[in-house]
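Here the sequence shown stands for residues 12 to 395, where the numbers follow this note's numbering.
What the hints contain is simulated information worked out from the structure, not anything from laboratory work.
Certain hints may be false.
[Unchecked claim] DSS-like cross-link-like pairs, simulated, lysine-lysine; straight-line CA separation at most 25 angstroms:
id	residue 1	residue 2
1	285	392
2	393	314
3	335	275
4	393	379
5	67	136
6	379	285
7	46	67
8	157	136
9	242	379
10	275	285
11	314	392
12	285	314
13	67	109
14	157	143
15	207	242
16	379	392
17	136	109
18	109	46
19	285	180
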Amino acid sequence: MKHITKLAAVILAALSVASCNNNKFTVEGQISGAKDSVLYFENVGIEGINVLDSVKLSDNGEFSFSEAANQAPEFYRLRIADQIINVSIDSTETVQIKGQYPDMASNYTVSGSDNCSKIRELALKQMDLQAKAIALQSNTELGIVKANDSIRVLIDAYKEEVKREYIYKEPFKAYAYFALFQAIGNYLIFNPRTNKDDIKAFAAVATSWDTYYPHAERGQNLHNIAIEGMKNQRIVEAQNADIQIDANKVQEAGVLNISLLDNKGRQRNLTDLKGQVVLLDFHIFAMENSPARILELREIYNKYHAQGLEIFQVSLDPDEHFWKQQTAALPWVSVRDEDGVSSQRLLLYNVQAVPDFFLIDRGNNLVKRAAQIKDLEAEIKKLL
12 MKHITKLAAV ILAALSVASC NNNKFTVEGQ ISGAKDSVLY FENVGIEGIN VLDSVKLSDN
72 GEFSFSEAAN QAPEFYRLRI ADQIINVSID STETVQIKGQ YPDMASNYTV SGSDNCSKIR
132 ELALKQMDLQ AKAIALQSNT ELGIVKANDS IRVLIDAYKE EVKREYIYKE PFKAYAYFAL
192 FQAIGNYLIF NPRTNKDDIK AFAAVATSWD TYYPHAERGQ NLHNIAIEGM KNQRIVEAQN
252 ADIQIDANKV QEAGVLNISL LDNKGRQRNL TDLKGQVVLL DFHIFAMENS PARILELREI
312 YNKYHAQGLE IFQVSLDPDE HFWKQQTAAL PWVSVRDEDG VSSQRLLLYN VQAVPDFFLI
372 DRGNNLVKRA AQIKDLEAEI KKLL
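The whole structure should be built from the sequences, with the hints applied where relevant.
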């Protein structure tokens, strides 16, 4: 796919140029009531927390920290002792924060960033949830069982609100990412390991970050978490169904049938294409690079279809009407998985990022996946 390769090169070049710029962001403001206290400015990284700068506050409590801007949203925090204010930066913005010590974690205002305002809302909601949970746990009249049941009801209601108002509303935003990692004590509110609905939330944000920030390490980390969660969920479901499954088999290649409705309402089976060389393609038409990629696939299809090539394209788009519009004129097999990025089919084929594709020979044997292919046309010719 030469055009796609060229496009990737252009993007990489643009990123390289951008990284050379000395663009900076600023977090500034005032923390009153904290004279002689040390205010730390820290990066909350994937691997841990790193101190970037600090200042000993004077009478007026004014501060200003500046750091190099990133290509994707990044997370930071202001800290005095155990009082923390979380912020997110996604450009060369200036964020203003005014707080009151010693309870600045809950007693502060923020301006200059919608993401930081939403993060403040989430932080206050989480504090309220934790206070209610502690109150229930301390209520000796309830007993342990009733208290735990009541806490679970509180947490479930909290999760539904946060998913509806913060995560699914704008999954590409930094505050949606922040919401996924909120905790009560040492426990994450959203459980990406075994909770099916929570895994969907992680997958939704991961896919959005793929689109808006395709080179972000945080986006890839979300994908890894979601894929691992789906793998665990599938194993648990198999065990519940009394089916023995080897976890290692999830990673193995093999042609597993995909049976879905196409854009004309007909049931289509991947294995029905035996006798043809098949390009199995997982795609999201709502992604920014979709038009260019579809044009590339059209060129390949037009060139080799008469010789026995077929494309079986699986859409993961959430909007069925949009998908039908986008595929109405496409000549190949177009099906849609309504489970989207949380589909078990992605797990079966170990798809960790979209788009992804596979080549299947005439005998229904999976030959190679995208990561193993340097020249797609050359590989197709070998199989025809």
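**Prompt:** Any of the earlier hints contradicted here, and which numbers?
**Reply:** Hints 5, 19 not satisfied by this model.
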